[in-house]
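My request is simple: use the sequences and hints to build the entire structure.
Each chain is listed here by its residues.
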Amino acid sequence: GNSVTQMEGPVTLSEEAFLTINCTYTATGYPSLFWYVQYPGEGLQLLLKATKADDKGSNKGFEATYRKETTSFHLEKGSVQVSDSAVYFCALTGNTGGFKTIFGAGTRLFVKA
Amino acid sequence: GAGVSQSPSNKVTEKGKDVELRCDPISGHTALYWYRQSLGQGLEFLIYFQGNSAPDKSGLPSDRFSAERTGGSVSTLTIQRTQQEDSAVYLCASLPFGGETDTQYFGPGTRLTVL
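Respectively, the protein sequence lines represent chains A and B.
In terms of this note's numbering, the first sequence opens at residue 547 and continues consecutively.
In terms of this note's numbering, the second sequence opens at residue 619 and continues consecutively.
One or more of the hints may lead you astray.
Unchecked claim - Here are the simulated distance ranges between beta carbons: (1) A/T617 - B/G621: 29 to 35 Å; (2) B/Q659 - A/K598: 29 to 35 Å; (3) B/A620 - A/K598: 27 to 33 Å; (4) A/T574 - B/Q702: 35 to 41 Å; (5) B/T731 - A/A563: 33 to 39 Å; (6) B/F715 - A/E588: 23 to 29 Å; (7) B/S656 - A/T574: 26 to 32 Å; (8) A/T551 - B/L657: 18 to 24 Å; (9) B/S691 - A/K598: 28 to 34 Å; (10) A/G575 - B/S671: 15 to 21 Å; (11) B/T688 - A/T616: 42 to 48 Å; (12) A/T572 - B/K675: 21 to 27 Å.
It is worth saying that the hints were derived from the structure and are not from the lab.
Every residue gets a Cβ at the ideal spot worked out from N, C-alpha and C, and that includes glycine.
Structure (C-alpha cells):
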C-alpha cells in the first residue's frame, strides 16, 4: 500500500537558518503530494502541494519539488523565522484504488530567536 | 464562508460510555475524512466518505467505531464503550470533490479524554 516517511523531529534551528525536512513516499500510480502545517493552537492547513512529477509547490517562502525518480518531496526554506515554529506533515493522495490520503508522522520545528 | 466546524471541542467521558462527535463540513464539499491524532503522533486515517459511494472504513480500529454522513453533509463519528486508549484529538476534513489533487480543509478537532 501507499506510505509516507518523513524525518523525525524535533528539528531546532536558529532564525535565518536553512531548513530541510525530508519526505519520501511509496505509491502506485501518480499520487499528488502535499505539505500541511499545524501551528501551535491552530488546526491543520495546507502549506503547499504538487500534483505531478517535477512540479514545484511554493508558499510563504517554503518550496518542495515532486521528484518521481527519488520518490521524494522534501520541504525547504532558505531562511526560517520564529513564526515558522510548527508541526509539518507530508501527505500523499493516490489516484489508484480510491483517493485515500496518507499522512507522515509529522516533524516538529522549533525556531529560536 | 464558514470553515469546517466540529463539536464538541472537548469531551471528557468515563470508560465504557458511548460518545458522538460531530463534523459540519464546508457547504458543497462532497468528500469528508475522519482522522485520529494521538499526543505527539501523526494522523491516523479512520474513514473516508466520497459523495454517494460506500465509505472507506478500512481505518476504523475496531467495531466500537462507526461513522455516518447524512444527506451528504454533516457527519457523526460514534465510539461505543469507550476505552482509555481512545483518548486523542479527532479531526475532520472536507474536500470539494475528493480527487487526488484536492486540498483538505480541516476542522479544529474534538479532544476526547476517556477517564
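Where does the structure disagree with the numbered hints, that is, which hint numbers, in rising order?
none
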